Amino acid sequence: MEFSWIASGSRMVAALLLAGVVSLTGGGVGAAGVPDSPVGGNGIPGPRNTDLAAARIVERTLGYPPLVPEGVNDPGCRVSPGREQAVVLVHGTDSTLYADYSLLGAELADEGWCVYGMDYGLGPGRDDGFGWRPITESAAELDATVTAALRSSGARQVSLIGFSQGATVARYWTNVIDGGERTATWIGLASPTRGGGPDGLAHVLHLIPRPFRDAVLSPALQDLLVGSTFLTELNAAGETVPGPAYVTVSTRFDEMMWRDDLQAIRGDRTRSIVLQDLCPANLGGHMFMPYNPTVVALVKYLLVDWQAGGGEGEVSCVPVPLGATILPIAVESNLGKLQGMPHNRDGVIYDTQF
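First residue of the sequence shown? That's 1 in this note's numbering, and the numbers climb one at a time after it.
Hints should not be assumed to be uniformly reliable.
[To be verified] For lysine to any residue, the following SDA-like pairs were computed, each having C-alpha atoms within a straight-line distance of at most 25 Å:
1) Lys-300 - Leu-217
2) Lys-300 - Pro-124
3) Lys-300 - Pro-280
4) Lys-300 - Arg-269
[To be verified] The calculated label-pair distances, taken between Cβ atoms and stated as ranges, are:
5) Ser-80 - Ala-140: 29 to 35 Å
6) Asp-110 - Ala-308: 34 to 40 Å
7) Ala-140 - Leu-338: 41 to 47 Å
8) Ala-281 - Leu-327: 19 to 25 Å
9) Asp-127 - Thr-229: 38 to 44 Å
10) Thr-229 - Pro-81: 41 to 47 Å
11) Thr-229 - Gly-76: 16 to 22 Å
12) Val-274 - Ser-37: 41 to 47 Å
13) Glu-233 - Val-318: 34 to 40 Å
14) Pro-81 - Pro-134: 36 to 42 Å
15) Thr-229 - Trp-258: 34 to 40 Å
Everything labelled a hint here was simulated from the structure, so no lab data went into it.
Note that the structure is a prediction, hence the values are computed from the model and not measured.
Heads up, the beta-carbon is just placed ideally off N, CA and C, and yes, glycines get one too.
Use the sequences and the hints to build the structure in full.
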């Protein structure tokens with residue numbers, strides 16, 4: 001990993017911070033040519049990284065400002081032919097938009113997509129991070145971001161990319177809040193489609209009073225357990241709704257979902273891709289998914305053609321060793337807690353109420 005940019009990058013961002021958090025304002029134009037409500041956000045662009053640990057080092061080094069990947073949440077971006085959908089990125093548990101998407105978000109913006117995202121679900125406790133609150137509450141936050149993305153970009157539909165918990169937040173938004181009306185494509189990276197964790201844990205947790213239960217597992221993680229009430233109800237009428245295309249990208253070496261039947265999506269207009277079927281030498285796991293070079297290349301194809309794009313031989317097959325980046329992520333996570341990760345820190349916002 002290279003961190004030679006930190007000194008100069010820190011000075012640049014520090015100057016921005018001294019001036020106050022950067023405000024991004026813009027507005028779309030309605031069908032009658034009347035300007036819509038202003039759209040804005042509070043993100044500071046951060047550099048690209050090669051893995052999650054490096055992105056978290058950036059956040060800690062800069063004091064945890066609300067960082068966004070390069071080119072993301074640009075209110076001046078407008079959709080164009082071949083790039084008709086706005087792309088919305090949804091991060092995973094105890095993470096941030098920047099930490100999970102500092103590479104993929106920037107590369108999609110380079111490809112000409114209008115890309116957006118936010119930090120959602122911040123918990124109330126000192127040790128609670130983003131992605132702590134129930135999935136339904138986080139999906140409501142996502143709804144505001146999608147509305148702003150459509151308004152400022154001029155798009156009629158969005159393509160959602162969700163990693164881990166973010167895949168379920170995005171799918172709940174698509175299936176329940178949106179009903180498939182404004183969704184072109186849903187892409188779930190390491191998606192807990194039917195949950196994760198040990199079988200039966202959801203039933204055991206229900207025997208514990210809520211305050212103690214939340215101290216053991218966040219409400220979001222309780223929602224994501226195999227057999228949870230939330231997932232049972234979400235999937236009861238089918239895992240998809242008519243209209244959108246649904247694609248999952250999974251790995252056989254997922255550290256969070258041990259069963260091989262939990263991630264694939266079932267329904268019409270669906271595609272379930274296993275990373276190792278495209279690249280047998282790529283043994284990357286759950287935490288490396290949004291930074292995995294093969295996955296990054298695959299997502300670029302899927303946004304253009306979800307059904308045929310990104311087949312074997314079309315994406316770069318980059319060998320990745322088993323367990324790659326797990327140790328650096330663990331070390332960096334603990335360093336952040338030991339050095340006083342700020343309580344209730346500001347999250348990235350992109351909406352019409354900014």
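Tested hints:
Restraint check for Lys-300 and Leu-217: not satisfied, since their Cα atoms lie roughly 34 Å apart, outside the 25 Å limit. Distance restraint check for Lys-300 and Pro-124: the Cα-Cα separation of roughly 36 Å exceeds the 25 Å cut-off, and the hinted pair is therefore not satisfied. Proposed proximity of Lys-300 and Pro-280 is supported: the alpha carbons are some 20 Å apart, at most 25 Å. A C-alpha spacing of about 19 Å is found between Lys-300 and Arg-269, which places the hinted pair at or below 25 Å, so the restraint holds.
Range check, Ser-80 to Ala-140: about 30 Å between beta-carbon atoms, so the 29 to 35 Å window is met. In this structure the supplied range 34 to 40 Å is violated for Asp-110 paired with Ala-308, their Cβ-Cβ distance being about 23 Å. The supplied range of 41 to 47 Å is broken by Ala-140 and Leu-338, whose beta-carbon atoms lie about 33 Å from each other. As the Cβ distance of Ala-281 to Leu-327 is approximately 21 Å, the hint placing it in 19 to 25 Å holds.
A beta carbon spacing of about 25 Å between Asp-127 and Thr-229 contradicts the range 38 to 44 Å that was offered as a hint. The hint said 41 to 47 Å for the Cβ distance between Thr-229 and Pro-81, and at roughly 44 Å that hint holds. The hinted range of 16 to 22 Å is not satisfied by Thr-229 and Gly-76, whose Cβ atoms lie roughly 43 Å apart. Here the CB-CB span from Val-274 to Ser-37 is close to 43 Å, well matched to the stated 41 to 47 Å.
Judged by the Cβ atoms, the range 34 to 40 Å given for Glu-233 and Val-318 holds: they are separated by roughly 39 Å. Our hint of 36 to 42 Å for Pro-81 and Pro-134 holds, since their Cβ atoms are close to 39 Å apart. Against the hinted window of 34 to 40 Å, the Cβ-Cβ separation of Thr-229 and Trp-258 comes to about 21 Å, which falls outside the hint.
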